[in-house]
Every structure is written in structure tokens, then in C-alpha cells.
Amino acid sequence: MNPASGALLSFAYILGLLSTAILGFPITVVSWEQYILLVIGFGVLGVVAAITLPRFWRTGPRPRLWLTTGIVAALAVIYFQMRIPQPASNEISNFVDSVNSAAQGQVVTVQGQVESIPRKTRSQRSKFWLQAEQLNEIEGKDNNGAVSQGVTGKLYVTVPLIQTTGLSIGQRIAITGLLYAPEPPKNPGAFDFQAYLARQGAFAGLSGLQITNYGSIEQSWGWWKLRQRILRAQVRWSGSPTGQLVSTMVLGRRAVDLPYEIRDEFIAAGLAHVLAASGFHIALILGLVLGLTRRMSARSQFIIGLSTLLIYVGLTGLQTSVMRAAIMGLGALIALLTQRKTKPLGSLLVAATILLLWNPLWIWDLGFELSFLATLGLLVTAPLIIKQLDWLPPVLASLLAVPLAASLWTLPLQLFVFYGFAPYSLVTNIICTPLITLISIGGFLSAVTALIFPLVGSSIAWLLNYPVQLLVWLVSFVNNLSGSTVAVGKISVIQLLLLYGLLFIGFIGQKLGRRWWLLVIVGVTLVIVPAWQTKIAQFQVTVLTKVTCPWS
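Heads up, the sequence shown is in this note's numbering, so the first residue is 28 and it goes up one at a time.
Source of the hints: derived by calculation from the structure; they are not laboratory data.
One or more of the hints may lead you astray.
[What the hints assert, rightly or not] Taking lysine to aspartate or glutamate pairs in the EDC-like style, the calculated list, with each CA pair at most 16 Å apart, reads: (1) K154 with D284; (2) K147 with D291; (3) K147 with D284; (4) K252 with D284; (5) K252 with E142; (6) K154 with E164; (7) K147 with E288.
[Unchecked claim] Cβ pair distances, simulated, as ranges: (8) G33 with Q496: 42 to 50 Å; (9) N121 with E60: 19 to 27 Å; (10) Q237 with L524: 46 to 54 Å; (11) I63 with A34: 23 to 31 Å.
Even glycine gets a Cβ: it sits at the ideal position worked out from N, Cα and C.
With these hints in hand, go ahead and build the complete structure from the sequences.
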């Protein structure tokens, strides 16, 4: 199979996964019958393409490949449906009293094994995942007596903060609390807690009152222990949240329990990527490793580089953005070993296909989507912007082009999901880039050293105190400026597709040259005019439902 055929089949697979949006996924529950219709539709499209397209595109793919493309897209839909988590017959969610509301719950004692490190919620409680094994109902349904039996399933647990002191992954515990089933959002744009649990393979939550029994720890080793060692070293002398922010900039916010106040500040300023382990970290690590091993053979560099990638992916906790960057980094290492040139766009497509084969549900994960869109922007648009800025010094042109290209490709999705954007984010990214680079490099050195000599790692992290505090101050300053956030309202799916269509035109039609501003005007018009017409033509009253959150 040649690369072009492989790329076509990869696009067909991704298109098949994206087509589930036609059925309303992930917002609505989709039946088997709807999936079957979609599968048949792709089969018919494959046959039609195999018959008609070769007549008009004689130098293009052969009929067999077009037919295979339709089959791959159809199989993608089937595979997607098969991977959607479904509760088993003895799943703990089946024992939730349907009469009680999510706020009232059902008093039970659940025994199980801790699956994640406890983290703080916004309401200053602890949350973690529990693999349920035994359910003892304290208050029976309809006075028919209590239920006590073995169960399965993943449970989202929140308990008072003090209850989780010293709690570790692999530990068996018993928790008494309120068992509840998550409800769908009642207000527009509200957090869909039910969908969030479903993506994690969970269908019930437990608002714990007390952990009644602390059992033994069965899991003696794990990547989480190394993460905790790094975090303790970086917090020892830097304190909180400075030390936690350094750890987050190295390992990502999914691996570190960063306070919500700091997290929200960075997100509001358009610096959410700073708190996510991503391609920047992989490029930095590989650059350091290859620089230190430049005198070694290509085989030795490949082995050391691959080992470093695997260790870093393990430390970050298998985040999608890191795995995407690691696969692309692996492609660069293979190119180094085989003395061949790598194609960045091809590597990005391969990374997307591999990850979506591993878990097709990631196609609707916002972090996954933003990571790939930002990387695509860096690959296809950043060089064009640098070319337009040829009157600037190369370093300054790159400093402007990188955040601008990433922002252009992620902005439409941000408008679709969050209904607004941070207008100062581009300037903030440019100003903060030197600090971010300094802290990231220092954080990596501190983390590596902390694994061997914790006190030395703490010393390096302490040296970063002033740069970190300056970064936090800059972020807070930007957020306090007038107009730091602009709300434009939710854009439609058609607007979203048209905006990305303009970006593709800008990439393909590079002959536009200095007339790129025409695309900018059209894009702004697509967003502003519909929002303005809606605002002046409608009188709208929004009534919100008061929601009780047992999961907070």
C-alpha cells in the first residue's frame, strides 16, 4: 500500500467516527438502528464512489480502493458503537433507587479498590475513582430489606477532604454515603456530568460521608509514585501553588492537582496549553536528549530517545496530547535511525489514526481535538505566516507565528464550545513565552533530578519561584483588563464548518499572497453578522434551573 492510499483510508476511518455527530452523538443516546442506517449509507457511498469517481478522475485511486474506503468508514461506525461503555447486569448503577433524585441519593456502604489519587473539588472535598466490589444498602427500597451483594463498575466518589489523608492507589476501602445516578444538564451550556462519567466508563456516583474501613494496599508500584516523588520535591521549598504550577507545566494538569483558582486564571487568559503536557514538552525533551547524545550512533540515540519518550508518557498519565506528540516524536526518531526525512503532516495523520484505533471515543474529547487542531495549525499555517512576516527578524517572526497559527485553528472550536474567546491571548502568549520556556526547562531539570536526589530537585524548583510568580502576576493582570473576555454566543455547526473551510482555502490557495486579509474579513463576518442579527431581532429571556451538585 502506498502512502496516498494509506492516507485515504485513515481519512475514511476518521470521517466514519466523525459521522456519528449526524446521529446526535455525544449529546443524545443513539440506537442500534440509527447506527445500522449510517453503516449502510457508507457502504452505498463506497459503491457509488467506486463506479463514478474513476470515470472523472482517471489518475486517482482505483475502484477497489474507493470501495475499501466506504467499507472502512462503515467499520469505523460499528467499532465506535462497540466501544461505547455499557453497564453490566451487576453494575452498581443498576442498584440506584430510581425514585430518589440525584440530590437525595441512597445511603449505602460500598467496598472497592481505589483507582486514582484523590484530588480536590471546587467545594473543597476530595474526589477519586473507585472500582466497586461489594454493595451493602443501609436503607432498603420500599421497605423490602437491604441489598447486600457483589457488584462491578467504576464509581465517582467524593468525600470530606480529611478522609483521604494517606489514601493510595490500589488500597481497598469501604465508604458509607449517598449513591446517586448522574442527571443530564438542565441548563444550556452547563457541564454534562452524565456524559463525563459515561466517557470514563462510569454510570453512578457516591457522595461519601465517611470512609469506614482502610484496607491494605495491593499495588506496590506505579507511575503515580514517581509523580508524587517529583511533586513533593518541587513543592517542598516552593510551596503551594508555586511548586504545583511548576509540576503542572512539566507533567500536565491531569497529572497534578493544581488549585482551581490558578487553573481558571490561565484558561481565561488563553494559556490553557501551558498547563497541558503537549508537543512543546516532547520537542524540548527530544531536543535535549539528542543534543546530549549527538556523539553517539544513530541506534543509541534511537534507543535513548525512545526510552525517554516512554518514561515521560508514563509519568504524565497517558494524556492524549502527550501520546500524539510522542508518536510524532517516534516518527522523527525512526527517520533519524533510517536516515530518511519525515513528513510532519503524515506523522500527524498516523498519530491520529493510531490513537483513535486505541480509543475511538477520543474523537469527541475536547482536549484531543484542540491538540490536533493546534498542531495542524503549526504545520500548515505557521510557515505561511512566517513568510508574510519576512520583514521581521526570524526569531521574532516565529515568536508571532506559532501562537497565531495555533489560535487560528482552535478559535472556531472554542467559539462553538465556549461561546467566546480571550482577545488578549495572542499578546499574552508572546509576552509569556520566554518565561514559559525558562520555567519548563527548569522544571524538567528539577523533575529528573528529584527522581534521584530529591533535595537537589527541590533546590532547582526553588530557583524558579520568581519567574513563576511573575508569570502568575502577568496572567492575573491580563484577566483584570477591560474586555479580557468577549462573548459572541454559540456558533452553529454550519458556521464552524465554513470557518474551517476558510482555513483550508488559506492553506491550499497559497497564491492569495497579500490578499489573505480577504479570508479574515469573511471569517469575522461569518461570526459577527449572525450574532448581531440575532441580538437585534430577538427579545430573549433565559430562565435557569437551580441544580444541586452531589458530585462537587
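Tested hints:
no., hint, in the structure
1, K154 with D284, "11 Å, holds"
2, K147 with D291, "14 Å, holds"
3, K147 with D284, "7 Å, holds"
4, K252 with D284, "14 Å, holds"
5, K252 with E142, "13 Å, holds"
6, K154 with E164, "22 Å, violated"
7, K147 with E288, "12 Å, holds"
8, G33 with Q496: 42 to 50 Å, "49 Å, holds"
9, N121 with E60: 19 to 27 Å, "24 Å, holds"
10, Q237 with L524: 46 to 54 Å, "51 Å, holds"
11, I63 with A34: 23 to 31 Å, "28 Å, holds"
Hint 6 from the list above is the single one not met by this structure.
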